[in-house]
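Here is what each chain is made of, one letter per residue.
There are 2 protein chains.
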Amino acid sequence: MKLPEGFQLAGGSCGIKGSGKPDLGLIYSATPLNWALAATQNRLKAPCVTRNQARYGSSQSVHGIVVNSGNANCANGERGIWDNEDFAAIAVNALGLSSVQVILTASTGVIGQKLEVDKLRQALPLVARDLSNDSSNFAEAILTTDTRTKQIAANLSSGARIVGIAKGSGMIHPNMATMLAFIMTDAVIPQENLRTIWPGMVERSFNQVTVDGDSSPNDMAMVFSSQQVPTNEAEFIEALEVICQNLAQKIARDGEGASKLITVNITGAKNRQEARAAARAVVRSPLVKAAAHGNDPNWGRILVAVGATIASVDLANLEIRIQNVTVYKGIPQDFDAQELSAKMAGSELLIEIDLAAGPAVGTAWGCDLSEDYVHINADYHT
Amino acid sequence: MKLPEGFQLAGGSCGIKGSGKPDLGLIYSATPLNWALAATQNRLKAPCVTRNQARYGSSQSVHGIVVNSGNANCANGERGIWDNEDFAAIAVNALGLSSVQVILTASTGVIGQKLEVDKLRQALPLVARDLSNDSSNFAEAILTTDTRTKQIAANLSSGARIVGIAKGSGMIHPNMATMLAFIMTDAVIPQENLRTIWPGMVERSFNQVTVDGDSSPNDMAMVFSSQQVPTNEAEFIEALEVICQNLAQKIARDGEGASKLITVNITGAKNRQEARAAARAVVRSPLVKAAAHGNDPNWGRILVAVGATIASVDLANLEIRIQNVTVYKGIPQDFDAQELSAKMAGSELLIEIDLAAGPAVGTAWGCDLSEDYVHINADYHT
Chain A
1 MKLPEGFQLA GGSCGIKGSG KPDLGLIYSA TPLNWALAAT QNRLKAPCVT
51 RNQARYGSSQ SVHGIVVNSG NANCANGERG IWDNEDFAAI AVNALGLSSV
101 QVILTASTGV IGQKLEVDKL RQALPLVARD LSNDSSNFAE AILTTDTRTK
151 QIAANLSSGA RIVGIAKGSG MIHPNMATML AFIMTDAVIP QENLRTIWPG
201 MVERSFNQVT VDGDSSPNDM AMVFSSQQVP TNEAEFIEAL EVICQNLAQK
251 IARDGEGASK LITVNITGAK NRQEARAAAR AVVRSPLVKA AAHGNDPNWG
301 RILVAVGATI ASVDLANLEI RIQNVTVYKG IPQDFDAQEL SAKMAGSELL
351 IEIDLAAGPA VGTAWGCDLS EDYVHINADY HT
Chain B
1 MKLPEGFQLA GGSCGIKGSG KPDLGLIYSA TPLNWALAAT QNRLKAPCVT
51 RNQARYGSSQ SVHGIVVNSG NANCANGERG IWDNEDFAAI AVNALGLSSV
101 QVILTASTGV IGQKLEVDKL RQALPLVARD LSNDSSNFAE AILTTDTRTK
151 QIAANLSSGA RIVGIAKGSG MIHPNMATML AFIMTDAVIP QENLRTIWPG
201 MVERSFNQVT VDGDSSPNDM AMVFSSQQVP TNEAEFIEAL EVICQNLAQK
251 IARDGEGASK LITVNITGAK NRQEARAAAR AVVRSPLVKA AAHGNDPNWG
301 RILVAVGATI ASVDLANLEI RIQNVTVYKG IPQDFDAQEL SAKMAGSELL
351 IEIDLAAGPA VGTAWGCDLS EDYVHINADY HT
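If you read the protein sequences in the order shown, they are chains A and B.
All the letters of the first sequence, read from the start, carry residue numbers 1 to 382 under our numbering.
All the letters of the second sequence, read from the start, carry residue numbers 1 to 382 under our numbering.
Here chain A stands alone, though its shape is the one from the complex:
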């Protein structure tokens, strides 16, 4: 995928993954980037997360990020902190930058294993030599249990471009495999504005794939701007939201063992917080997910999942629709279960719930729960 002006990406293999698959990626801009970061809420945070957060308040110029997959460099004590500093310094050297110029870091993979810094030191100069304006190798290099790359682009009327790249297993709790998202644009947008926009954008997209708070210690979503093309900010924001929600859906759809994308739309909530909480509760319910896997229009499980949240509901008027069929409205509705089950058999499942308690709406994305999820997660580590 062609990148916005000013960005160069690369991806290659350094040998951290025993498989020999790509495991080292680089995003680089010769000119300083404006950037914004949203990071994990987990109390356990990997050194890459805390280091990037520490750089957030600094005035040093940021020129990109280096990413390894296969090892999360997390829960390694002080050694992990220094290994992460080395990782960044190796990238700065490989790119010929000065020590006051910043390269951010991200790591994803298994927790509690020492980062093999020597492998990174050997491979990074070679990977840096392959920097180009195509995103494919980078998108490949950051994957762990993902089955496919996740990329999306948009062109704005100003001629500016936005490219988003993500990885993540998108299951109930993100795997140690972590959710990472990198959005790049050449649209001119002040750093202050970027940082004002970003938290809400992440709330309405990436955070609606996972359970709130149950994020991996390495989760990060970042946006970078190379400041090349003057652009209408409202148009930029609109396109950015589409990009983020599309990536969120791609992550959900590629959930471990998943056979379908589940979209839960809540309407009639008291406020947006309750709407989002209710949507997440339904999409994370193992019983709803298993029913989705079996194409079972089991609205009782949906109702119970909503009932267990903080969301206000008017039970007498609450309505549930599955694939546009009303299955419950205050009382059970007559519907052809076999016909509806057939409609559920595709790769996308839409569940709509009107809480009948207010004006607010919210959406969450997830996937079905399959036997393969158990296989993958019973065997991933050892």
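Note that identical chains are pooled: a pair holds if it fits in a single copy or bridges any two copies.
Here are the simulated EDC-like cross-link-like pairs (lysine to aspartate or glutamate), alpha carbons at most 20 Å apart as the crow flies:
1) 114 with 336
2) 21 with 130
3) 2 with 130
4) 270 with 203
5) 329 with 78
6) 114 with 334
Since the hints were made in silico from the structure, they are not lab data.
None of these values were measured; they are calculated from a predicted model.
Given the coordinates of chain A, work out where chain B should sit on it, guided by the hints.
Below, chain B without anything else, positioned relative to chain A:
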């Protein structure tokens, strides 16, 4: 199992379960019972729950409870409320009681299907004729997806006896199948004291099997006393706690598709609330559960699950032990993964976590996540 003095139980089939398996149970005492109730926190509550709660403040004498399995009589609108009233009235008639004497109700099974009151009306007089001082038929009649009955008894030095009977699938969210627990004793204990004791007792036992708040609309745990044998109250409370925790473990062990009981002990928590929340978070984590299924000593997932909770932790001193082997203490510990994996292969798994943040302790019980869980829950309804 022999019952405490004053109690008579029965169980039989009324045909609500298509399989012809037992689905109608009765607990009866000729003399009025002292009783206490803890019910679901779900906003959606079945009519049996709201009716029992309404009787809680009344001075009418309670003489037992009638239970059906196979149909939860939940989310059926007003019709469900009247069907539940009929259910209770039929039991009162079958037992030859007057209309001011109360029989409580409980239903468990599929949501949103009309309760077949005619079947109950036909079968209840026959079932009532079989009342005896043995618990087995009742324990059988209340099951849904359970693979075995759950009963336990204790004898007190006063000669009093406590018998507990429960049912439930005990998975992440209790299934529509619901968690029900009935504890009976002939120990003399004032109703006021029973009701003071009960909430804390349920907190430390049944509520530590399931995710807080994510309870089924029909969940109830009840204790009944026939007031026959003067007994030391402290001894009674101690035995009651053992009974409740044993039933909680039985529920977890019989979780849908489960091959092992997981016990999570938290020490070093700031307070008991945080200890219990952390224990529940670990035992409900799909990644921890899947790792347990694969006998994978994946302490990283345990650490991440703890980190996502509200619990205060001292990460530099936090310690994780799996089957008595220390795998993490501030930093990863050396251990023989293959040997530990072999130790995890039994039917019980012990995970101990010292948060190093205070004096409080807490325990939660759960089970592993298997392929069978998905099979059961993709096919249960249709």
